[in-house]
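Protein chains: 2
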Amino acid sequence: MTHSFLMIGQSNMAGRGFLKDVPPILDEKIKMLRNGRWQMMAEPINFDRPTSGISLAATFASSWRLFHNQEDDIGLIPCADGGTSLDDWSVEGALFQNAIFQAKAAQKISTLSGILWHQGESDSNGQKHRLYIQKLNHIIQTLRQELNTPDIPLIIGGLGSFLQDGIYGQYFNEHKEVDTALQEFAKDNEHCFFVSTEGLTANPDNIHFDAVSQRKFGIRYFRAFEQKTDILGALADEDHIVEIINNRPLTKNEKNEMLQYQLAMGIITTEEFQTQLAIIH
Amino acid sequence: MTHSFLMIGQSNMAGRGFLKDVPPILDEKIKMLRNGRWQMMAEPINFDRPTSGISLAATFASSWRLFHNQEDDIGLIPCADGGTSLDDWSVEGALFQNAIFQAKAAQKISTLSGILWHQGESDSNGQKHRLYIQKLNHIIQTLRQELNTPDIPLIIGGLGSFLQDGIYGQYFNEHKEVDTALQEFAKDNEHCFFVSTEGLTANPDNIHFDAVSQRKFGIRYFRAFEQKTDILGALADEDHIVEIINNRPLTKNEKNEMLQYQLAMGIITTEEFQTQLAIIH
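Chains A and B, in that order, are what the protein sequence lines are.
Under full-length UniProt numbering, the first residue of the first sequence is numbered 1, with each subsequent residue one higher.
Under full-length UniProt numbering, the first residue of the second sequence is numbered 1, with each subsequent residue one higher.
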């Protein structure tokens, strides 16, 4: 059985953490949707742009595996899109329609179990925050309706505190107001929980959470899902959980997958591949 | 106006050429579909697997721009999926349904102008070639019907001559029979043209066309589309055309896009970014 989670929002849900900054996460029981079918997860999961990288979804899924369910598979449905505002996510638009199609495709082969939302940077100027709750409400209500999942948990994260520090800071001068709107939205909506970005840091662009922060953010998103509560600060054990995830020994299938990848990418020769394949255990 | 092309089939349509082996192609008038909207093309276009790389689509599009239409945009719709057989592409299945959804999404914002097909490796054993024409026929007929494009050109490429040379060669022992089926299919179907793989070479895995070959293959696909004819061997001018494509000077927008990418990826500092942005022309 597979339990699936829809990833929607803008670039920080798609993920822009640098791949080189953290160890890869390989787990044969974590899948991602590709062309309507499950494939073993490999980052970047949500390849909306060539800059796509580490997102919060991998450690969300790893935590789910560690603390919630060891038996079943977890599936990630990547539909986030960089630079998009709430108006881009209007229910008649291409992004929303794509998310509905992908989620319905996943529902044929899994139980849709949660929605992960991160968005708001593109609504952080020009007083757009004033309509944020109202617009998000309509999007989420329509989504729940169309997917026939009225009580599905929705986890929403706050915005980075660094947004005004970069060269594009002027575009984010109302990020605190959007953050407040996200918190209020979670307060006023059943089955919706807010996740703090306390202590999370950015890439040099001061727009995107760095890879190390995305790893922590995913664990906070999971904790909110698991405990059905807002997470209002850093978790005392988040670094420890990242460590547990990174130190998980690979299964035979995962080692095999890694070798196949290295062969296909020309990283190892066919001779090295065959030698190593023979000693996998 | 945008003219769009649907990419379907298995890994050699998705593309597995190594990114490091060829210069990148950047062209602001070549787009790719992401979440139902057009984005400037960047390879890998068809990110079905972590091994995805250079496909034939980029030089197909560049040739279209060079020789066919300088005014309009061209849009690529990536729906190919590695390792898939014709049975995986059955019209009730997830891959076909996804391709229909993506193509229809593209039709809302472009004119669907062609279908690029490359598939057959996964039908190259166990006598599957005997039903190849019949199955492909049903897939293509249904596709044309559902997209309401009865006369849309379909370009189909042959299989690599190298398939039996690798460590997985045993799985491809009937690749010549599939190649013959593809040629016959093109002969018997209106608006369908076959493209030869003469002289094209493989990655070390002897399964996937290498990046240099994919660049040539795309030009052959375009020539078949443009001349409405089978391309039965290498083109005398294909290396020259690759050169023209590689030597095309970047526009201001493309240089800007490249700088944004380098900033986002941490390749250049914000200071370098701002210095270089100021001197773009």
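Just so you know, not all the hints are guaranteed correct.
Said to hold, decoys possible - With the Cβ distance kept under 10 Å, some of the chain B side facing chain A (calculated, not the full set):
no.: 1; residue: Glu28
no.: 2; residue: Glu43
no.: 3; residue: Asn98
no.: 4; residue: Ile109
no.: 5; residue: Thr111
no.: 6; residue: Asn125
no.: 7; residue: Lys128
no.: 8; residue: Phe185
no.: 9; residue: Gln274
no.: 10; residue: Ala278
For the record, the hints were derived by calculation from the structure and aren't laboratory data.
Just so you know, even glycine gets a beta-carbon here, dropped at the ideal spot from N, CA and C.
Interface hint for Glu28 (chain B), Cβ within 10 Å of any Cβ on chain A:
violated (14 Å)
Interface hint check: Lys128 (chain B), Cβ to nearest Cβ on chain A, cutoff 10 Å. Holds or violated?
This hint is violated: Lys128 (chain B) lies away from chain A, its Cβ roughly 20 Å from the closest one there, beyond 10 Å.
Is the shortest C-beta separation between Asn125 (chain B) and chain A less than 10 Å?
For Asn125 (chain B), the interface hint is violated, since the closest Cβ of chain A sits about 19 Å away, which is over 10 Å.
Closer than 10 Å between Cβ atoms is the bar; does Asn98 (chain B) clear it against chain A? Give me holds or violated.
holds (4 Å)
Hint validity - Ala278 (chain B) Cβ closer than 10 Å to any chain A Cβ:
violated (12 Å)
Under 10 Å, Cβ to Cβ, is where Ile109 (chain B) needs to be relative to chain A, so tell me if that hint holds or is violated.
Check passed: Cβ of Ile109 (chain B) comes within 8 Å of chain A, closer than 10 Å.
Gln274 (chain B) was flagged as interface toward chain A. Is the shortest Cβ-Cβ separation under 10 Å?
Because about 7 Å separates Gln274 (chain B) from the closest Cβ in chain A, which is inside the 10 Å limit, the hint holds.
Using 10 Å as the Cβ threshold, decide whether Thr111 (chain B) counts as touching chain A.
violated (17 Å)
Please verify that hint: Phe185 (chain B), Cβ, nearest Cβ of chain A, below 10 Å or not.
Because about 23 Å separates Phe185 (chain B) from the closest Cβ in chain A, which is outside the 10 Å limit, the hint is violated.
Hold the hint about Glu43 (chain B) up to the distance rule: shortest CB distance to chain A must be less than 10 Å.
holds (8 Å)
Of the hints listed earlier, those the structure fails to meet are numbers 1, 5, 6, 7, 8 and 10, in rising order.
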